[in-house]
Amino acid sequence: MSSESDTSGDEGDFSENEKPLAGATEYTSVRIYTEQDMFPTKIDPLCEIPDWPLATYWPVFLGGFRVESWIESTWSVQISNYFACRGLLTRMMVFPRSRDDIFEKYQQNVLMLDALVYFTSKEDAKRAVATCHHQFYYGYRLNVLPGRFPLYYDPVRTIRFHKVGVDRVVERIVLRSLSKFGDIDFLARYPRDDVVVEFASVEDMLCALRNQKRLRPQEVTGSTQKQRFVEQDVIRDIQDAMRQNYGFMTMQPEMEILVQLFTGQQPNVNTLWNTQRYVFVCNCG
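Mapping of the sequence shown onto the numbering used here: position 169 corresponds to residue 178, and the numbering continues sequentially without gaps.
Incorrect hints may appear among the rest.
[As the list claims (entries may be wrong)] Derived DEER-like restraints, expressed as beta-carbon distance ranges:
# : residue 1 : residue 2 : range
1 : Glu263    : Val165    : 41 to 47 angstroms
2 : Gln275    : Pro200    : 36 to 42 angstroms
3 : Gln275    : Gln117    : 17 to 23 angstroms
4 : Gln117    : Ile182    : 32 to 38 angstroms
5 : Thr43     : Asn283    : 39 to 45 angstroms
6 : Arg108    : Phe145    : 27 to 33 angstroms
7 : Ile41     : Gln253    : 32 to 38 angstroms
8 : Pro54     : Ser188    : 44 to 50 angstroms
9 : Arg225    : Gly148    : 22 to 28 angstroms
Calculated directly from the structure, the hints in this document are not laboratory data.
What you are looking at is a predicted structure, and each value in this text was computed from that prediction instead of being measured.
Glycine residues also receive a C-beta, built at the ideal position from the N, C-alpha and C atoms.
Whenever a hint applies, use it, and build me the whole structure from the sequences.
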């Protein structure tokens, strides 16, 4: 997690002031995309990387996404279909590897990953955050946040639980346990076996802590980034993906989905993830 100061830039663009993070919003309109939309030319003013090939695309951070297998070639299709169900067209995707071997082993064991997903406009990126943040996917709550600038926890109403274990999805257990005593605004897991929880208020935090005895809380100090990474944090991973995958810059949904998005149809994708009874075969909590 980064501790750098927020330099999100022009508040008139996709800035922290525009984030609808309290819960997902429903959109009913279906956008009709064109081939021209696939290759945007408007540069995001928040992108400060010189001569960056992705400066005209708009990333979101996707956290806690449950994949069907640990085969990277299948991940982009699964993610693309998820956003297509919301009427959104995805382009490039990046899956940075954790520098923490234990955390990577945990992700592989429970089939959960984090990614940067690029969209073709500011409006689509905002819509992805608005419609998908804190929605449930195969029974697990997603975190969908801006991918180009960091958001930070409010330390006054945030607590950290350290050494939660690496063999199960403890954050789901923490969410179920603590939300009985107070409203939770944000919860995520990070390397070093940390789960960080931001409550809706100090009162909610204190009530939850009084009523739980299993986890050992630690105070959160300073600037703690909510996204496990934003674009600036993983430039090397993105550059490696560009070099190793000649098709990186042409990534797009499968043709059937693309045709439906081009004609204004609601994409016909399998929404099995809405059935929480569905369980993958893995060592998961």
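Verification of the hints:
no., hint, result
1, Glu263 <-> Val165: 41 to 47 angstroms, "holds (46 angstroms)"
2, Gln275 <-> Pro200: 36 to 42 angstroms, "holds (38 angstroms)"
3, Gln275 <-> Gln117: 17 to 23 angstroms, "violated (34 angstroms)"
4, Gln117 <-> Ile182: 32 to 38 angstroms, "violated (20 angstroms)"
5, Thr43 <-> Asn283: 39 to 45 angstroms, "violated (30 angstroms)"
6, Arg108 <-> Phe145: 27 to 33 angstroms, "holds (29 angstroms)"
7, Ile41 <-> Gln253: 32 to 38 angstroms, "holds (34 angstroms)"
8, Pro54 <-> Ser188: 44 to 50 angstroms, "violated (38 angstroms)"
9, Arg225 <-> Gly148: 22 to 28 angstroms, "holds (26 angstroms)"
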